[in-house]
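Engineer: As you go down the protein sequences, you meet chains F and E in turn. The opening residue of the first sequence carries number 1 in UniProt numbering; numbering runs sequentially from there. The opening residue of the second sequence carries number 1 in UniProt numbering; numbering runs sequentially from there.
I should point out that these hints are in silico values taken from the structure, not numbers from a laboratory. Glycine included, every Cβ here is placed at the ideal spot set by N, Cα and C. Honestly, I wouldn't trust all of these hints.
Stated by the list, open to error - To be clear about the criterion: a stretch of chain F counts as covered by chain E if any three or more of its residues have a C-beta under 8 Å from a C-beta of chain E, and this derived list gives those stretches:
#1 124-137
#2 147-159
#3 307-313
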Amino acid sequence: MSAVTAPSSSVWDQVRSYSPPARFLPVIVTFALFLGMFGAGGLRYDGFTDPQVFLSLLLDNSFLIVLAVGMTFVILAGGIDLSVGSVVALSTMIAAKTLALGWSPYLSIVTVLVVATLLGTLMGLLIHYFEIQPFIATLAGLFLARGLTYLISVESIPITDQTFSELAFRTITLPGGYYTTWTVVIAVATVAVAAYVLARTRFGRTVYAVGGNEASALLMGLRVAVVKVGVYAISGFCAGLGGLLFALYTLSGYSLHAVGMELDAIAAVVIGGTLLTGGRGYVLGSLVGVLVLGTIQTFISFDGGLSSWWTRIAIGVLLLVFVVVQRVMTRRQP
Amino acid sequence: MTDTLTPPEAGRRTASPVRGPRLVARLLASPLLWPVMALVVLLVVNVVATPSFLDVRLQDGHLYGNVVDIARNSAPVLLVALGMTLVIATRGIDLSVGAIAAIAGAVACTRIVGAGDEGAAATAIMACTVALAICVLLGLWNGFLVSVVGIQPIIATLVLMVAGRGLAMLVTDGQITTVNNDTFSNLASGFVLGLPLAFLVAVAMVAVTGVLTRRTALGMLIEAVGINPEASRLAGVRSRTIIWTVYVFGAVCAGLAGVIIAANTNSVNANSLGLWIELDAILAVVIGGTALTGGRFSLLGTVVGALFITTLARTIPNIGIPSEANYLFKAMVVVAVCLIQSPRARAVLRVRRTAPVARKGNPA
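All chains, full assembly: derive it from the sequences and hints.
Structural biologist: What follows is the structure, encoded as structure tokens:
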């Protein structure tokens with residue numbers, strides 16, 4: 001666990017014998033994988049290593065990054081949230097419908113975030129106070145959100161609001177002629193805030209404690225109830241925010257948006273090195289996990305010969321590798 | 001249920017108090033009471049909305065009517081839920097059944113299209129056999145990850161859930177494959193002795209499973225593994241083999257369901273075949289009274305649960321609500337069922353009851 005302290009005083013020896021703390025190892029492995037994949041792509045395809053490719057990676061996956069952040073909280077606390085894909089669809093639908101009704105875009109955004117957070121809180125309350133398994137409670141959330149979406153409208157509703165389209169298309173010019181969008185800024189800011197909350201606040205510490213051992217956390221007098229309900233509220237909020245980003249990305253609200261996106265979010269978190277049993281992992285890892293998933297997609301779009309379904313197979317294989325490696329690692333460290 | 005502390009055998013035999021062997025008392029204590037009542041309530045709602053709802057008429061030697069339709073449509077969910085019941089009884093869960101159903105449908109359809117004589121009965125039988133054989137392999141894979149590698153069931157089966165639809169697309173080459181084979185489409189829309197063949201297949205599977213689990217020790221062993229894997233292993237139960245077996249069984253059931261769904265439309269769309277059927281199946285199991293924490297299971301409960309879900313899907317358009325609202329009602333059912341099963345909610349309810357009822361209650 002602790003860093004190796006080399007007895008010799010030579011700086012080179014210290015550098016050579018330095019090994020990162022074991023808790024960072026999964027994130028480092030994922031990051032190495034990401035770099036390796038990007039490097040391999042650069043060797044195979046022209047223009048793959050262009051920084052703009054990396055920036056579009058962030059742009060095309062901004063909603064997934066936000067979802068993965070929320071999912072990281074839930075999984076760290078030892079739970080799981082299956083509802084996020086449906087909540088994304090619900091959010092796009094609420095945004096599209098309220099805008100079509102002529103609401104102010106800001107009111108519409110607030111409504112989406114409040115509804116999504118409320119849904120998450122509700123599931124958290126069911127899970128904590130009625131001891132319903134997270135899997136089944138969020139399954140109910142999945143059906144509920146999807147059902148509400150259908151109830152609002154079965155057809156796809158386009159978003160034509162001025163503020164929304166401006167936010168979607170406005171680019172930020174970076175030095176060197178590259179550009180990015182505000183959705184990327186929002187996603188990266190979410191990661192930063194989440195990383196701060198998990199590492200530096202009492203709430204974040206308690207999340208790790210509850211995920212590590214709920215009974216011990218309770219005996220230590222930690223506020224288990226607040227955290228267990230809180231993580232689902234956070235996940236709900238992130239799903240709402242992710243839904244808004246998705247609405248900006250597609251400029252429409254549709255009840256069949258984001259089917260199965262919860263699987264991508266869970267896969268990204270696992271690939272990012274977070275232990276599915278809870279208690280260990282980092283938001284930064286989940287970010288890299290999303291980037292790995294995105295790189296697979298970029299690979300397939302650069303290579304004209306591969307069909308799109310290889311994405312799912314590749315994600316499945318990666319998931320398998322990481323789960324097995326996790327299993328081996330946790331077996332070694334009791 | 002709350003009495004997981006008692007051994008399964010004892011719990012099952014003494015579920016009703018012996019001193020009052022009246023039929024009513026026994027019925028009231030039956031775990032099937034709530035699911036059956038829910039189903040009856042649904043049917044009553046339907047009859048109120050459409051008085052002719054329960055009518056069944058005989059035409060061309062087949063039975064026709066809403067009830068027959070429900071029986072026919074319930075076959076896929078019933079099959080998947082049957083396999084899921086045993087998996088859940090061992091404390092596991094199988095999320096990959098929808099993907100497995102898609103793979104089975106894809107394999108069966110592409111085999112039929114690729115065969116020399118597309119319309120022959122032998123072609124259909126061969127194609128279904130190959131599809132089910134592949135499902136056995138997929139089940140072996142899931143079982144291997146869970147029982148040998150020791151990965152949590154949710155995660156282990158998530159791998160195939162994510163990759164499975166990609167594999168099914170690989171089989172169909174991303175196309176919606178359409179088949180022309182009478183034997184194959186009879187599997188879903190055919191009738192035998194006036195009853196839908198698909199329903200008969202599902203019922204036969206339930207019957208065989210019932211005999212295998214309740215007339216041999218297999219059911220007790222499965223419950224033992226679900227209640228305490230370590231203790232049952234120390235008692236000499238081969239829990240690894242048992243777990244492996246239930247995942248293979250679950251995959252075969254899912255494959256059969258996939259073939260029936262494909263036969264129903266005479267085509268396969270790898271993206272949508274069996275989408276969310278795993279969730280419906282889990283819902284059916286939970287409605288039937290099998291707790292997700294493993295241990296005791298009820299096959300009859302699962303049958304009632306599957307019928308309930310199919311009836312619900314029929315009820316909603318019948319009472320004039322758009323059928324898309326189905327999901328909303330399912331969510332309410334999930335929450336209601338879980339609250340009824342939740343110890344905390346039960347404790348709240350028990351306080352309100354009279355004291356004698358509370359005394360003869362559960363050991364908890």
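Engineer: Can you take a look at whether the stretch 307-313 of chain F is actually covered by chain E? Rule is 3+ residues, C-beta closer than 8 Å.
Structural biologist: holds (count 7)
Engineer: Counting residues of the stretch 124-137 of chain F with a beta carbon closer than 8 Å to any beta carbon of chain E, are there 3 or more?
Structural biologist: Contact hint for the stretch 124-137 of chain F vs chain E: holds, 9 residues under 8 Å.
Engineer: Are three or more residues of the stretch 147-159 of chain F within 8 Å, CB to CB, of chain E?
Structural biologist: holds (count 5)
Going down the numbered hints, you'll see the structure goes against none, and every one checks out.
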